[in-house]
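Colleague: Listed below, chain by chain, are the residues.
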Amino acid sequence: MPQTKIVLRNCGFIDPRRISTSLRRDGFKALEKARQMTPEEVIKEVKVSGLRGRGGAGFPCGIKWEGARNSPAEEKYVICNADEGEAGTFKDRYILENDPFTLIEGLSIAGYAVGARQGYIYLRYEYHDLLSLLEDAVNQARQLQLLAGFDVAIREGAGAYVCGEESALMESIEGRRGEPRYRPPFPTVAGLWQKPTIINNVETLMNIPPIILKGGHWFSDIGTERSKGTKVFSVSGDVARPGVYELVLGTPLRELVEDLALAPNVKMVQIGGATGRILPSGLMDTPLAFENVLGAGAVTVFDETRDVIDIVYRTMEFLADESCGKCTPCRQGTEVMVETLERFCRGKGSKKDIKALQDLSNTMMLTSLCGLGQAAPFAVLDTLEHFRDDYERRTLDN
Amino acid sequence: MTKKVTFDSEVSENLLVALKEAQAKFGYLSPALMIELARSLDVPVNEVYGVASFYSFLNIKPLGKNIIRICRSVPCYLRKNHAIIETVEREIGIKPGETSHDSRFSFELTNCIGLCDRAPAMLVNSDVHVDLTPSKILQILQSYK
Numbered sequence: 003m004p005q006t007k008i009v010l011r012n013c014g015f016i017d018p019r020r021i022s023t024s025l026r027r028d029g030f031k032a033l034e035k036a037r038q039m040t041p042e043e044v045i046k047e048v049k050v051s052g053l054r055g056r057g058g059a060g061f062p063c064g065i066k067w068e069g070a071r072n073s074p075a076e077e078k079y080v081i082c083n084a085d086e087g088e089a090g091t092f093k094d095r096y097i098l099e100n101d102p103f104t105l106i107e108g109l110s111i112a113g114y115a116v117g118a119r120q121g122y123i124y125l126r127y128e129y130h131d132l133l134s135l136l137e138d139a140v141n142q143a144r145q146l147q148l149l150a151g152f153d154v155a156i157r158e159g160a161g162a163y164v165c166g167e168e169s170a171l172m173e174s175i176e177g178r179r180g181e182p183r184y185r186p187p188f189p190t191v192a193g194l195w196q197k198p199t200i201i202n203n204v205e206t207l208m209n210i211p212p213i214i215l216k217g218g219h220w221f222s223d224i225g226t227e228r229s230k231g232t233k234v235f236s237v238s239g240d241v242a243r244p245g246v247y248e249l250v251l252g253t254p255l256r257e258l259v260e261d262l263a264l265a266p267n268v269k270m271v272q273i274g275g276a277t278g279r280i281l282p283s284g285l286m287d288t289p290l291a292f293e294n295v296l297g298a299g300a301v302t303v304f305d306e307t308r309d310v311i312d313i314v315y316r317t318m319e320f321l322a323d324e325s326c327g328k329c330t331p332c333r334q335g336t337e338v339m340v341e342t343l344e345r346f347c348r349g350k351g352s353k354k355d356i357k358a359l360q361d362l363s364n365t366m367m368l369t370s371l372c373g374l375g376q377a378a379p380f381a382v383l384d385t386l387e388h389f390r391d392d393y394e395r396r397t398l399d400n
Numbered sequence: 023m024t025k026k027v028t029f030d031s032e033v034s035e036n037l038l039v040a041l042k043e044a045q046a047k048f049g050y051l052s053p054a055l056m057i058e059l060a061r062s063l064d065v066p067v068n069e070v071y072g073v074a075s076f077y078s079f080l081n082i083k084p085l086g087k088n089i090i091r092i093c094r095s096v097p098c099y100l101r102k103n104h105a106i107i108e109t110v111e112r113e114i115g116i117k118p119g120e121t122s123h124d125s126r127f128s129f130e131l132t133n134c135i136g137l138c139d140r141a142p143a144m145l146v147n148s149d150v151h152v153d154l155t156p157s158k159i160l161q162i163l164q165s166y167k
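As you go down the protein sequences, you meet chains A and B in turn. Converting from the first sequence to our numbering requires adding 2 to each position, the first position being numbered 1. Converting from the second sequence to our numbering requires adding 22 to each position, the first position being numbered 1.
Rather than coming from a laboratory, the hints here were simulated on the basis of the structure. Each hint should be verified, as a subset may be incorrect.
Claimed, not checked - Straight-line alpha carbon distances no greater than 16 Å define the calculated EDC-like cross-link-like pairs of lysine to aspartate or glutamate that follow:
#1 B/K42 to A/E176
#2 A/K354 to A/D399
#3 A/K269 to A/D392
#4 B/K42 to B/E32
#5 B/K102 to A/D305
#6 B/K102 to A/D309
#7 B/K102 to A/D312
#8 A/K328 to B/E69
Given the structure is predicted, the values throughout are model-derived calculations rather than measurements.
Just chain A, with the same shape it has in the complex:
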């Protein structure tokens, strides 16, 4: 199936340094149209579209905006989450590099809809080389009076994967350690500086201008029952054509990995990065959708030569390293998993270890404070299910 470019429609067709090239392709027409609707009408259109968050959690966008709209406050904020730190994910970088204008427009529409006058783009520090491009894009929009009372400021991170989690992100903007907050209250009630706030991923906001211009129904006609629209996938690993691909939601994994990215042979695919699910090659006909597996759409392909235990160990190492340390199940749990997997790497695992990994997984999924700890066990659980032999071959009581 060929790609369907909604989010990426301007990438490669405009000059990201010149707003005039964006204006020629309907840039900022959606913002103009939105301002002629009421904020409630804008939110209704987004709800009708069925757009769900594209940063990994998949929360319905319109409902999030409605929550902030309905929270009474003098000040509200809208934040674009450009912290893209999930391993194997680079689609937001590609979008920022190639079409910052549509993002600014999407963020402005969000501001109008919820009643916020200030928007922020939280940019991971690893993308510092994109800062001037982004600031320049905002300046051009400002100078052309396109933002009409709404302002966009960029706040940079300082190197912390966990700051991609929305409440940790807000802590970071406020100048503190990026540790997630206890919820409730949720950001739409009390977020940045305790004001009603919405945080949306880059890709989510890129969908807003087309939805406003073409209508929510146009969008909801694309995709599956519970996954509307397209998704931008970041494909890497053992493929001939790594890169960014935009496909209608519901497309089978096999089409992306084999037909488009040209993987010569596949042992397993990790979908959603380090906190993602792992599918063996036998499940490659699985449709890519929230109903099955998606995350933020990192697709890392492993061929027949790869060692399952080694990959899971490295995945867990990443998560243990990035764990913020606030809650015990994640702080201790990720460390114990790393130690246990390291023993398996050396062929010194045991049946007790396998049971311990499963018990620990349940505890972490149920009790961790944020998505990092809650999703950390997925690689272990999925490989225990699909590659049990790999673990058992590495046990001493074999």
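Since chain A is already given, all that's left is putting chain B on it; use the hints.
Modeller: This is chain B only, laid out in the frame that chain A set:
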């Protein structure tokens, strides 16, 4: 005797921003600097240390003039990042976590920097270097004074 650190009167109230500005000005976040920052902002020293020690790009020990960060995450690992790590070790003579004697380079391993389709990849300061092979490393390093 500890060196006295003084700030201009304008220190950002936002601790993270203040730390970044202090690092840009003074090179790294020494204990003396963190103590002084705590005093200027009227916050406990451990709060300053807590933020400084949390973020990868905040340095609480002296680093070299140029900081090499090679990605060690899974997608770069699949594209032989170990060859790049070994080449850098050989060319500069230091291992990850170390700084060269002439302070020209510090060398760190970092987690995913979002360049996975052009792996293996690294950052030198804020500069992005992708599609790395061992043969490209020397020229890249030579371009940093």
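Colleague: If a hint holds in the structure, say so; if it doesn't, say that too.
Modeller: Checked hints:
For the proposed pair B/K42 and A/E176, the alpha carbon gap of about 14 Å is at most 16 Å, so the pair holds. For the given pair, A/K354 sits about 10 Å from A/D399 by alpha-carbon distance, which is consistent with the 16 Å threshold. As the CA atoms of A/K269 and A/D392 are separated by approximately 13 Å, the hinted pair is consistent with the 16 Å bound. This hinted pair checks out: B/K42 and B/E32 have alpha carbons roughly 14 Å apart, not beyond 16 Å.
For a cut-off of 16 Å, the pair hint linking B/K102 to A/D305 stands: about 14 Å separates their Cα positions. Restraint check: the Cα-Cα separation between B/K102 and A/D309 comes to about 15 Å, which is no more than 16 Å; the hinted pair holds. Between the alpha carbons of B/K102 and A/D312 the distance comes to roughly 14 Å, so the proposed pair stays at or under 16 Å and holds. At roughly 15 Å between alpha-carbon atoms, A/K328 and B/E69 fall within 16 Å of each other, so this suggested pair holds.
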